[in-house]
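A.B. asks: Sequence:
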Amino acid sequence: PYVMKEKHLKLRLIDEDGRAFEAVWWDGVEKSKGQTLKVNSRIELAYVAEANNWQGNTRLQLVVEDLRVNNYLRVNN
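Counting along the sequence shown from 1, when you hit position 56 you're at 56 in our numbering, and nothing is skipped either side.
Quick caveat, the hints were computed from the structure, so don't treat them as lab data. Cβ atoms here follow ideal geometry from the backbone N, Cα and C, with glycine treated the same way. Any given hint could turn out to be false.
[Said to hold, decoys possible] In silico EDC-like cross-links for lysine to aspartate or glutamate, where the CA-CA straight-line distance does not exceed 20 Å:
#1 Lys5 / Glu16
#2 Lys5 / Glu44
#3 Lys5 / Glu65
#4 Lys31 / Glu6
#5 Lys7 / Asp17
#6 Lys31 / Glu16
#7 Lys31 / Asp66
#8 Lys10 / Asp66
#9 Lys31 / Glu65
#10 Lys38 / Asp15
#11 Lys10 / Glu44
#12 Lys7 / Glu30
#13 Lys33 / Glu44
#14 Lys5 / Asp27
#15 Lys38 / Asp66
#16 Lys10 / Glu50
#17 Lys33 / Glu16
#18 Lys7 / Asp66
#19 Lys38 / Glu50
#20 Lys7 / Asp27
#21 Lys5 / Asp15
#22 Lys10 / Glu65
#23 Lys38 / Glu6
#24 Lys38 / Glu16
#25 Lys33 / Glu6
#26 Lys33 / Glu65
#27 Lys10 / Glu22
#28 Lys33 / Glu50
#29 Lys33 / Asp66
#30 Lys33 / Asp15
#31 Lys38 / Glu65
[Claimed, not checked] Pairwise CB distance ranges (calculated):
#32 Leu60 / Val29: 18 to 26 Å
#33 Gly56 / Lys31: 18 to 26 Å
#34 Gly34 / Thr58: 33 to 41 Å
#35 Lys33 / Asn57: 28 to 36 Å
#36 Lys7 / Ala51: 32 to 40 Å
#37 Glu44 / Ala20: 28 to 36 Å
#38 Thr36 / Asn57: 26 to 34 Å
#39 Arg59 / Val3: 29 to 37 Å
#40 Glu44 / Lys5: 24 to 32 Å
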């Protein structure tokens, strides 16, 4: 994760099908409650999808409502 303005988190998420998504977690530093987010961590995520308009470009952005690190999740193949 990338920390923005010392309190928000910007995340790059990849789903089980390899699709990448940009996510922002407002006040995520405080809300993460000491969870350690590492590269390749498996997480459970509650979010709202929004359009992010910046410099004339519109992209899908996930706004995190809650997040839980769960390294025990398994992908069924």
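A.B. asks: Determine for every hint whether it applies to the structure shown.
C.D. replies: Here is how each hint holds up against the structure:
{"no.": "1", "hint": "Lys5 / Glu16", "verdict": "violated (30 Å)"}
{"no.": "2", "hint": "Lys5 / Glu44", "verdict": "violated (25 Å)"}
{"no.": "3", "hint": "Lys5 / Glu65", "verdict": "holds (19 Å)"}
{"no.": "4", "hint": "Lys31 / Glu6", "verdict": "holds (13 Å)"}
{"no.": "5", "hint": "Lys7 / Asp17", "verdict": "violated (30 Å)"}
{"no.": "6", "hint": "Lys31 / Glu16", "verdict": "violated (25 Å)"}
{"no.": "7", "hint": "Lys31 / Asp66", "verdict": "holds (8 Å)"}
{"no.": "8", "hint": "Lys10 / Asp66", "verdict": "holds (14 Å)"}
{"no.": "9", "hint": "Lys31 / Glu65", "verdict": "holds (10 Å)"}
{"no.": "10", "hint": "Lys38 / Asp15", "verdict": "holds (16 Å)"}
{"no.": "11", "hint": "Lys10 / Glu44", "verdict": "holds (16 Å)"}
{"no.": "12", "hint": "Lys7 / Glu30", "verdict": "holds (7 Å)"}
{"no.": "13", "hint": "Lys33 / Glu44", "verdict": "holds (15 Å)"}
{"no.": "14", "hint": "Lys5 / Asp27", "verdict": "holds (10 Å)"}
{"no.": "15", "hint": "Lys38 / Asp66", "verdict": "holds (17 Å)"}
{"no.": "16", "hint": "Lys10 / Glu50", "verdict": "holds (14 Å)"}
{"no.": "17", "hint": "Lys33 / Glu16", "verdict": "violated (26 Å)"}
{"no.": "18", "hint": "Lys7 / Asp66", "verdict": "holds (15 Å)"}
{"no.": "19", "hint": "Lys38 / Glu50", "verdict": "violated (25 Å)"}
{"no.": "20", "hint": "Lys7 / Asp27", "verdict": "holds (5 Å)"}
{"no.": "21", "hint": "Lys5 / Asp15", "verdict": "violated (27 Å)"}
{"no.": "22", "hint": "Lys10 / Glu65", "verdict": "holds (13 Å)"}
{"no.": "23", "hint": "Lys38 / Glu6", "verdict": "holds (18 Å)"}
{"no.": "24", "hint": "Lys38 / Glu16", "verdict": "holds (17 Å)"}
{"no.": "25", "hint": "Lys33 / Glu6", "verdict": "holds (15 Å)"}
{"no.": "26", "hint": "Lys33 / Glu65", "verdict": "holds (14 Å)"}
{"no.": "27", "hint": "Lys10 / Glu22", "verdict": "holds (7 Å)"}
{"no.": "28", "hint": "Lys33 / Glu50", "verdict": "violated (25 Å)"}
{"no.": "29", "hint": "Lys33 / Asp66", "verdict": "holds (11 Å)"}
{"no.": "30", "hint": "Lys33 / Asp15", "verdict": "violated (23 Å)"}
{"no.": "31", "hint": "Lys38 / Glu65", "verdict": "holds (19 Å)"}
{"no.": "32", "hint": "Leu60 / Val29: 18 to 26 Å", "verdict": "holds (24 Å)"}
{"no.": "33", "hint": "Gly56 / Lys31: 18 to 26 Å", "verdict": "violated (31 Å)"}
{"no.": "34", "hint": "Gly34 / Thr58: 33 to 41 Å", "verdict": "holds (35 Å)"}
{"no.": "35", "hint": "Lys33 / Asn57: 28 to 36 Å", "verdict": "holds (33 Å)"}
{"no.": "36", "hint": "Lys7 / Ala51: 32 to 40 Å", "verdict": "violated (23 Å)"}
{"no.": "37", "hint": "Glu44 / Ala20: 28 to 36 Å", "verdict": "violated (18 Å)"}
{"no.": "38", "hint": "Thr36 / Asn57: 26 to 34 Å", "verdict": "holds (32 Å)"}
{"no.": "39", "hint": "Arg59 / Val3: 29 to 37 Å", "verdict": "violated (21 Å)"}
{"no.": "40", "hint": "Glu44 / Lys5: 24 to 32 Å", "verdict": "holds (26 Å)"}
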